[in-house]
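Participant: For reference, the chains in residue letters:
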Amino acid sequence: MKPPPFRYHTPRSLSEALEVLRESPGEARVLAGGQSLVPLLNLRLAYPEILVDLNRVEGLSYIRDDGTRLRIGAMTRQREAEFSELLAARSPLVIEALAQLGHPAIRNRGTVGGSLAHADPVAELPCVMTALDAEFVVAGPVGERLVGANDFFLGPYETALSPGEILVEVRIPPAPPAASFVEFSRRHGDFALAEAAVVLEGGESCTGGRVVAAGPAWMPSRLETVERLVAASGVGRTDTGSQRELVEEVARTAEAAVAALETHADATAYQRRLAAVLVTRAVAQALERWSRN
Amino acid sequence: MTDASTDRRATSVTVNGRRCEAEVDVRKTLADFLREDGGFTGVHVGCEHGVCGACSVLMDGEVVRSCILFAVQADGHEIITVEGLGSEEAPSPLQQAFVDHHALQCGFCTPGMLLAAVDLLKHCPDPTETQVREALSGNLCMCTGYTGIIRAVRAAAPQMKG
Chain A
1 MKPPPFRYHT PRSLSEALEV LRESPGEARV LAGGQSLVPL LNLRLAYPEI
51 LVDLNRVEGL SYIRDDGTRL RIGAMTRQRE AEFSELLAAR SPLVIEALAQ
101 LGHPAIRNRG TVGGSLAHAD PVAELPCVMT ALDAEFVVAG PVGERLVGAN
151 DFFLGPYETA LSPGEILVEV RIPPAPPAAS FVEFSRRHGD FALAEAAVVL
201 EGGESCTGGR VVAAGPAWMP SRLETVERLV AASGVGRTDT GSQRELVEEV
251 ARTAEAAVAA LETHADATAY QRRLAAVLVT RAVAQALERW SRN
Chain B
1 MTDASTDRRA TSVTVNGRRC EAEVDVRKTL ADFLREDGGF TGVHVGCEHG
51 VCGACSVLMD GEVVRSCILF AVQADGHEII TVEGLGSEEA PSPLQQAFVD
101 HHALQCGFCT PGMLLAAVDL LKHCPDPTET QVREALSGNL CMCTGYTGII
151 RAVRAAAPQM KG
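Top to bottom, those sequences are chains A and B.
For the first sequence, the numbering used here assigns the number 1 to the initial residue and increments by one for each residue that follows.
For the second sequence, the numbering used here assigns the number 1 to the initial residue and increments by one for each residue that follows.
Read the hints as simulated data drawn from the structure, not as lab findings.
Heads up, a few of these hints could be off.
Said to hold, decoys possible - Capping the alpha-carbon separation at 25 angstroms, the derived lysine to any residue pairs in SDA-like fashion look like this:
#, chain 1, residue 1, chain 2, residue 2
1, B, LYS28, B, GLY61
2, A, LYS2, A, TYR157
3, B, LYS161, B, LEU85
4, B, LYS161, B, ILE80
5, B, LYS28, B, GLY76
6, A, LYS2, B, GLY39
7, A, LYS2, B, MET142
8, B, LYS122, A, ALA99
9, B, LYS28, A, THR10
10, A, LYS2, A, ARG56
11, A, LYS2, B, ARG151
12, A, LYS2, B, PHE108
13, B, LYS161, B, VAL45
14, B, LYS161, B, MET142
15, A, LYS2, B, GLU89
16, B, LYS28, A, ARG77
17, A, LYS2, B, SER87
18, B, LYS122, B, ALA157
19, A, LYS2, B, THR6
20, B, LYS161, B, SER87
21, B, LYS122, B, PHE108
22, A, LYS2, B, HIS77
Go ahead and model the full structure; you've got the sequences and the hints to work with.
Facilitator: And the structure:
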């Protein structure tokens, strides 16, 4: 089908984009890469009156290291991030997720910020950014504010962004010692049925970590009971025996942890089981990578 | 402010090296612009929501789906469609390999397959079977079972270098 009529704006600067949003009388949507929004328009599932296209705004596409954190401009194409040497060196978990996000033709247009602002419950980037404890820089009528990943995703396709605000940057903390992202989808490049991201903290022994599951729940969700297990284990980097015990314990705990999440009506027992299995695999892979460091 | 139903823009796109200009509705997709205003009917419109890959074209050298881009977004950019890869008399090595390896039956998915393969070979001049499968995973074919397509892309790879 064809998209419904809309008024179209191509601001050249962020301040102009914010002004257009502020002055828009009707429902305005920000258009980034368009790989989710335009299908929704073509299917007539979305009827915005106004589209504010960010593709001609200067200065929103970059990946840089500010000395402590990695900063990714919201309009950075996913494909560009996938091939970024800086990202490969500093946050390979993001690349691991990007490689499983859609197809090359999608990633050539799709943007890092667009995927996060769209907040599909099983999208890869919201899941890994939650595990990485990333921060989001949000520009609005009264300036910029910082929102942590935990407070950014509020529900399916729902974020802390207010109408009139634009996500402009993602800040990723220093690389953890080890991390893993795994997903399962019926066909390569499709949205996943379930996925899990795990980030471990610590030096020679594990002091904690973040364990995130997505798929059966309304948004990527941290599994606190599993995180507590990982933190309490204090396993050593090369202590493969204790690591094996931890993985077995995670396997016993993960399913109950996933079941305790607020799951959506379509979530099946299979999907919950799958999410638990993927959480266990991601913990095992992160530990295995850590022991090889 | 302009009324939504009359929001039109002068749009100029370089298609296969030739300037293509028209005043278009802002909601007109690049795929429809290429077919209707440019006459490039090798751009096949399948699912029209970015799933099947039949409408794939190259924009500034990168494969994109023209059914989920607006024509106005391509203003000032360079597009290559299947018509720009080769001709009936002088097909590109990739097109010839598709013929040689029985990589098409009905031909509907073929333009998108070819352009996705061009993008792959640019990044990865000597792809493994897995890499070809992954690169073409966003292009659906209802006829061939894909094996001929994969053989064709790998066979053409050495001739597509440079």
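Participant: Within 25 angstroms, alpha carbon to alpha carbon, are LYS2 of chain A and PHE108 of chain B?
Facilitator: Cα-Cα ~20 angstroms, so holds.
Participant: Taking 25 angstroms as the top limit, are the C-alpha atoms of LYS161 of chain B and MET142 of chain B close enough?
Facilitator: With Cα atoms ~29 angstroms apart, LYS161 of chain B and MET142 of chain B exceed 25 angstroms; violated.
Participant: Under the criterion that the straight-line Cα-Cα distance not exceed 25 angstroms, is the pair LYS161 of chain B, LEU85 of chain B satisfied?
Facilitator: 14 angstroms, holds
Participant: Mind checking the alpha carbons of LYS2 of chain A and GLY39 of chain B for me, to see if they're no more than 25 angstroms apart?
Facilitator: 19 angstroms, holds
Participant: Is it true that the CA of LYS2 of chain A sits at most 25 angstroms from the CA of TYR157 of chain A?
Facilitator: 22 angstroms, holds
Participant: Would the hint linking LYS28 of chain B and GLY61 of chain B be met if the CA-CA limit is 25 angstroms?
Facilitator: At roughly 22 angstroms apart (the allowed maximum being 25 angstroms), GLY61 of chain B and LYS28 of chain B satisfy the hint.
Participant: Starting from LYS2 of chain A, check that the Cα of ARG56 of chain A is at most 25 angstroms away, please.
Facilitator: Between LYS2 of chain A and ARG56 of chain A the Cα gap is close to 23 angstroms, so the pair holds against 25 angstroms.
Participant: Holds or violated: LYS161 of chain B with ILE80 of chain B, Cα cutoff 25 angstroms?
Facilitator: 18 angstroms, holds
Participant: Would you mind confirming whether the straight-line C-alpha gap from LYS28 of chain B to ARG77 of chain A stays at or under 25 angstroms?
Facilitator: 23 angstroms, holds
Participant: Taken at face value, is the distance from the CA of ARG151 of chain B to the CA of LYS2 of chain A at most 25 angstroms?
Facilitator: 36 angstroms, violated
Participant: Straight-line Cα separation of LYS2 of chain A and THR6 of chain B no greater than 25 angstroms?
Facilitator: The hint holds at about 16 angstroms.
Participant: Holds or violated: are the alpha carbons of LYS28 of chain B and THR10 of chain A at most 25 angstroms from each other?
Facilitator: 16 angstroms, holds
Consistency with the previously given hints fails for numbers 11, 13, 14, 15 and 17, ordered from lowest to highest.
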